[in-house]
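So you can see what is in the structure, the chains are spelled out below.
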Amino acid sequence: MRASTRTARRTVVLAAVATLGAGLLAGCADDSGGKSDSSGGGSKGKTTITLGLFGTQGFKEAGLYTEYEKLHPDIKIQENVVERNEVYYPALVNHLTTNSGLQDIQAIEVGNIAEATQTFASKFVDFSKVAGVNKSDWLDWKWQQATTKDGQTIGLGTDIGPMAICYRKDLFQQAGLPTDRDKVGQLWAGDWNKLVTAGESYKKKAPKGTYFMDSPGGLLNAMISSNQDKFYDSSGKVIYKTNPAIKSSFNLTAKAASEGLTQPQTQFQPAWNSTIANSKFAAIACPPWMLGYLKGQSKPDAAGKWDVAAAPKAGNWGGTFLAVPKSGKNVTEAEKLAQWLTAPAQLAKLFSVQGSFPSTPGSYTMPLVTDAKNAMTADAPIGKIFADAAKAIPTQVIGPKDQIVQQGLTDNGVILVTKGKSAAEAWATATKTIDNNLEK
Amino acid sequence: MATRHDIAAPPAKEGGAAPARPPAKPTEAERRRRARLSRRWQRDLKWSPYGFISPFFLLFVAFGLFPLIYTAWASLHTVELTAPNDMQWAGLHNYTRIFDDEFFWNAARNTLTIGIISTVPQLAMAMGLAHILNYRLRASTFYRVIMLAPYATSIAAASLVFVLLFGRDYGMINWALHYVGVGKIDWQNDKWPSQIAVSTIIIWRWTGYNALIYLAAMQAIPTDLYESAALDGANRWRQFIHVTLPQLRPTILFTCVVSTIGASQVFGEPLIFDANKGASGGAEHQFQTLGLYLYEQGWVNMHLGRASAIAWTMFLILIVIGVVNYVISRRLRASS
Amino acid sequence: MTTTLTTPVGTAPKESRRQRRSKAARAGGTLHAGPIAYAVLIIFSIGSLFPLVWTAIAASRDNNRLAQTPPPFWFGGNLFHNMNVAWNEANLGKAFVNTTIVAGTSALTVVFLSTIAGFAFAKLRFRGRNILMLMVIGTMMVPPQLSVIPLYMMVAKLNWADQLQAVVFPSLVSAFGVFFMRQYLLQALPDELIEAARVDGASSWRVVWHIVFPAARPAMAVLGMLMFVQSWNDFLWPFLVLTQNGNPTVQVALAGLGRGYTPDQSLIMGGALLGTLPLLLVFAIFGKQIVGGIMQGAVKG
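Protein chains in written order, with this note's numbering: chain A, 34 to 473; chain B, 12 to 347; chain C, 71 to 371.
Any given hint could be a false lead.
Stated by the list, open to error - Computed Cβ-Cβ distance ranges for the label pairs, DEER-style:
hint, chain 1, residue 1, chain 2, residue 2, range
1, C, Ile355, B, Arg149, 16 to 22 Å
2, C, Ile116, A, Thr230, 48 to 54 Å
3, B, Met98, C, Phe143, 53 to 59 Å
4, C, Ile116, B, Gln99, 54 to 60 Å
Unchecked claim - Mimicking BS3-like on lysine-lysine, the simulated pairs with C-alpha atoms at most 30 Å apart in a straight line are:
hint, chain 1, residue 1, chain 2, residue 2
5, A, Lys79, C, Lys227
6, C, Lys227, A, Lys109
7, C, Lys164, A, Lys109
8, A, Lys270, A, Lys156
9, B, Lys202, A, Lys280
10, C, Lys227, A, Lys473
11, C, Lys164, A, Lys362
12, A, Lys338, A, Lys168
13, A, Lys313, B, Lys195
14, A, Lys362, C, Lys227
15, B, Lys57, C, Lys227
16, C, Lys227, A, Lys156
17, A, Lys103, C, Lys164
18, B, Lys202, A, Lys238
19, C, Lys164, A, Lys93
20, A, Lys103, A, Lys406
21, A, Lys216, A, Lys182
22, A, Lys216, A, Lys313
23, A, Lys313, A, Lys452
24, B, Lys202, A, Lys452
25, B, Lys202, A, Lys237
26, A, Lys332, B, Lys195
27, B, Lys195, A, Lys241
28, A, Lys359, C, Lys227
29, B, Lys202, A, Lys473
30, A, Lys288, B, Lys202
31, B, Lys202, A, Lys313
32, B, Lys195, A, Lys236
33, A, Lys452, B, Lys195
34, B, Lys202, A, Lys465
35, C, Lys164, A, Lys79
36, A, Lys274, B, Lys202
37, A, Lys216, A, Lys338
38, B, Lys195, A, Lys288
39, A, Lys338, A, Lys288
What the hints contain is simulated information worked out from the structure, not anything from laboratory work.
Glycine included, each C-beta is placed from N, C-alpha and C at the ideal position.
Looking at chain A on its own, in the form it has when it is part of the complex (with noise of 0.2 Å):
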């Protein structure tokens, strides 16, 4: 008995030295090993170039990295990907204030591009110095959003989410709303307001257990985003309290979710996922990227229902940059894998393997684009309703906190009154909540 514990206990001790010292030499031997394998030398004279990606991008899923890697046979291409912008960006931001752990390419979601410009714009490469970038080749409000006060620009566009909205057919039909997509838009072109009385008529004779929009959030957002100015002035303050087009949108949003328009719920959520299996909702402010959503959550009976109709303003939502940080081990090669990537061609084929729409006009008149087509939408010019919304959307003003107040108004305000707040009760907890997150 104490023969046999004691050789227990002697094969214990001896597996946890073992691992012990494995595990330390395996940590201090990886020293010159991790690191020649991320920043190139490491496969066979190969340059390795990585890219930190959070979860949007489609990149691989369309072949774009084995294409490239065709061009350039001297080149391997990896990514680090992680599904939610929460996690990336924090971990972005720390990586940079210690300039340690970059990737050779890092994305840049839409929300936090203009903190991204206004703090770190010195650790980026200015794109608009470097050779073969040419800025027109990206609309104009895109290539506005990551440039700095004096003419930096950190980061190339890569898709962008102009904003129609899709509606399901026959849910319209039913309660006696025209369905054909030019008509459909005539009931509220160039007026919001047109948008909600359009949704109090299908309410009148709404299928039952159908609201006319899925959340309003996602109203409101549509909203804001179609405006010239949103939070900020363009001297950098923020004005989101006092500028009338917030406030008004707000109470449109308010007025529409206590009539019982929008469905009471927040987005990209399983609630939200299963109403749109269900089929719960008649319309909802559709960016390209949101047809993929459909598509995936929907039961296959719901192909072809769709129709794509274009906003009463047309707004942005959503959107990506790459941009390159200086610090990085190989620079030139990740310029030119950006701009690769960002190309027209590129980005047109995006958008036809996952629907991310291209912020180059170039890729407007490209085949796969004007030829592009959607399950959900049948035969829906989805293209060409899109590039129409691209080119329609105001310039506005960013600011580094937008993704916070935004955040504040749907998921602090409007909501609010689908629970029975009033409209100035939804507005009073969410400038609270506001206020209080900006407070540095």
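Use these hints to put chains B and C onto chain A, whose structure you have.
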């Protein structure tokens, strides 16, 4: 196994206590050797404790101390995560502003209620479970594996499951309640339901963890204590109260302290329950705990200085609770 | 009230009545569990396992089916496909090796250091013992969410980005472990045993090796399991330090499965399931260690 000695023999000689015959007069060398051994002995007694605790403290000084000092320093400044080197002196401003911060106090109240709802049942159930697992069981290894399964389940999977369970329109709990006649509960949006839901997730995740700790401690209770209690006529319940619980007191103290600290810092469970992008703990902050508020200010809003002050205030609150506890228990002991 | 007499199968039938009675009189370790106990255990097991089982069910479906209501309650056919894709896409082989090294080193070191420190705090007398113990507990009271920021600054200075030691070393500090072992040894390590060893002339180190470790075995097994899981499931810090193409741990590698505008939930669940299976294996192995310590027989007249 070490043999037991009822008599304290002089420790100078290795390996034996029973003196065979009176020792011969020690030689000079022998005396010096004994003196050297006794000195080594005393040195060992005096310094070995420090030797045993120093690896922990060395590692702590290396990897635990700097973060604490840094956050304390940052709490005295206005500083953002995007520019941590750009610190502007703010003195105690970050601390005094907490008095007026209604979100802080809302989070504090929520932490208290969620803490009580989740900790008390959890520890009681853990104790019961450990007691059951202490019996001879069939498939005991299986149950021991199960116990830690919640703790091992990844956050991603757990969050998906619980949000599905607690959904208002399509959740499984509401579907089940529907059959009992209870109407739809808005778990994510109403105050008490959301707190109960978050507490449920916490209980689910940590009960097995604590049960395992209790079980380990129960293994060390000598069976003869139970024997004598049984011979005295105690049934299983009385044995539990009079043998198990007193023996387990150090471990119970441990779980209470650690659970209190854990309850005050909880942020993972409310974070996953609120699938919104921010960390506001629900539209009206109805289940935002202090830990989640800290996370929101630090990681979402990037206010490093403010968040550090919140963290250290949470520390101070725990100190106050500890001191109050200590004073009360001393008073109780003094008066009894 | 008498306890029921249960004779374990296969033992020698010729015990005296007194021996049999005393055996039956023991609560705890040797009595069999009654039906109520089993009922409680089964209910508890269902509750504990249900999310894990649902993960497996979700992993065996496809994304479209998962979005529908009611959600699936039984397995589909996609399980192996999803697990296979998850394994390859997330490069889980490498991640498993890395995480085993990290979690194993962390668990073993923490257990070892906590046991000796816990022993010192529990049973040895030295100046500053109480103050230092309070300090140890005090360090647990500061919420850890922000610590990663200065810690990352340190790691950057040390050039440890994307190295495993950046994940291992900070995890070796465990006030929880020290406190846990102290409380356990207070209860489980009788002073007489230490006295006896001292009387035999054992140095402190010998006491630790021959008395403390065997006595602490159940607690060491539990602490090891808890530390292993904690290290295995840790996401925030490893994600900050490691990259998926460098030296990822399991959670970092799995994060990469969430690609695209509509991430494939079934694939993510498949990865999550794969990531959890090794833990269950570890539990099965270590669970056997949670048996009575050898101490049970030691202090007898």
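Going through the hints against the structure:
1. C:Ile355 x B:Arg149: 16 to 22 Å: With a Cβ separation near 19 Å, Ile355 (chain C) and Arg149 (chain B) satisfy 16 to 22 Å, so the hint holds.
2. C:Ile116 x A:Thr230: 48 to 54 Å: Holds, since Ile116 (chain C) and Thr230 (chain A) (Cβ atoms, about 52 Å apart) stay within the stated range.
3. B:Met98 x C:Phe143: 53 to 59 Å: This hint holds: roughly 54 Å between Cβ atoms.
4. C:Ile116 x B:Gln99: 54 to 60 Å: holds (55 Å)
5. A:Lys79 x C:Lys227: Judged against 30 Å, a Cα distance of about 28 Å means the pair holds.
6. C:Lys227 x A:Lys109: Answer holds: Lys227 (chain C) to Lys109 (chain A) is near 28 Å, not above 30 Å.
7. C:Lys164 x A:Lys109: Holds - the C-alpha atoms of Lys109 (chain A) and Lys164 (chain C) are around 19 Å apart, at most 30 Å.
8. A:Lys270 x A:Lys156: holds (24 Å)
9. B:Lys202 x A:Lys280: Since the Cα atoms of Lys202 (chain B) and Lys280 (chain A) sit roughly 28 Å apart, the hinted pair holds (cutoff 30 Å).
10. C:Lys227 x A:Lys473: holds (27 Å)
11. C:Lys164 x A:Lys362: holds (25 Å)
12. A:Lys338 x A:Lys168: Judged against 30 Å, a Cα distance of about 39 Å means the pair is violated.
13. A:Lys313 x B:Lys195: holds (18 Å)
14. A:Lys362 x C:Lys227: Measuring from Cα to Cα gives roughly 18 Å; hence the hint holds.
15. B:Lys57 x C:Lys227: Not satisfied, since the Cα-Cα distance of roughly 38 Å exceeds 30 Å.
16. C:Lys227 x A:Lys156: Within the cut-off at roughly 18 Å; holds.
17. A:Lys103 x C:Lys164: holds (26 Å)
18. B:Lys202 x A:Lys238: Violated - the C-alpha atoms of Lys238 (chain A) and Lys202 (chain B) are around 35 Å apart, more than 30 Å.
19. C:Lys164 x A:Lys93: holds (21 Å)
20. A:Lys103 x A:Lys406: holds (29 Å)
21. A:Lys216 x A:Lys182: violated (42 Å)
22. A:Lys216 x A:Lys313: holds (23 Å)
23. A:Lys313 x A:Lys452: holds (19 Å)
24. B:Lys202 x A:Lys452: holds (12 Å)
25. B:Lys202 x A:Lys237: The hint is violated at about 33 Å.
26. A:Lys332 x B:Lys195: The given pair, whose Cα atoms are some 25 Å apart, holds under the 30 Å limit.
27. B:Lys195 x A:Lys241: Between Lys195 (chain B) and Lys241 (chain A) the Cα gap is close to 19 Å, so the pair holds against 30 Å.
28. A:Lys359 x C:Lys227: holds (18 Å)
29. B:Lys202 x A:Lys473: holds (28 Å)
30. A:Lys288 x B:Lys202: holds (25 Å)
31. B:Lys202 x A:Lys313: Roughly 26 Å separates the two Cα atoms, so the pair holds.
32. B:Lys195 x A:Lys236: holds (24 Å)
33. A:Lys452 x B:Lys195: holds (14 Å)
34. B:Lys202 x A:Lys465: Measuring from Cα to Cα gives roughly 19 Å; hence the hint holds.
35. C:Lys164 x A:Lys79: Given that 30 Å is the threshold and the Cα spacing comes to 21 Å, the pair holds.
36. A:Lys274 x B:Lys202: It holds: about 28 Å lies between the C-alpha atoms, which stays within 30 Å.
37. A:Lys216 x A:Lys338: Measuring from Cα to Cα gives roughly 17 Å; hence the hint holds.
38. B:Lys195 x A:Lys288: holds (25 Å)
39. A:Lys338 x A:Lys288: Roughly 28 Å between the alpha carbons, so the hint for Lys338 (chain A) and Lys288 (chain A) holds.
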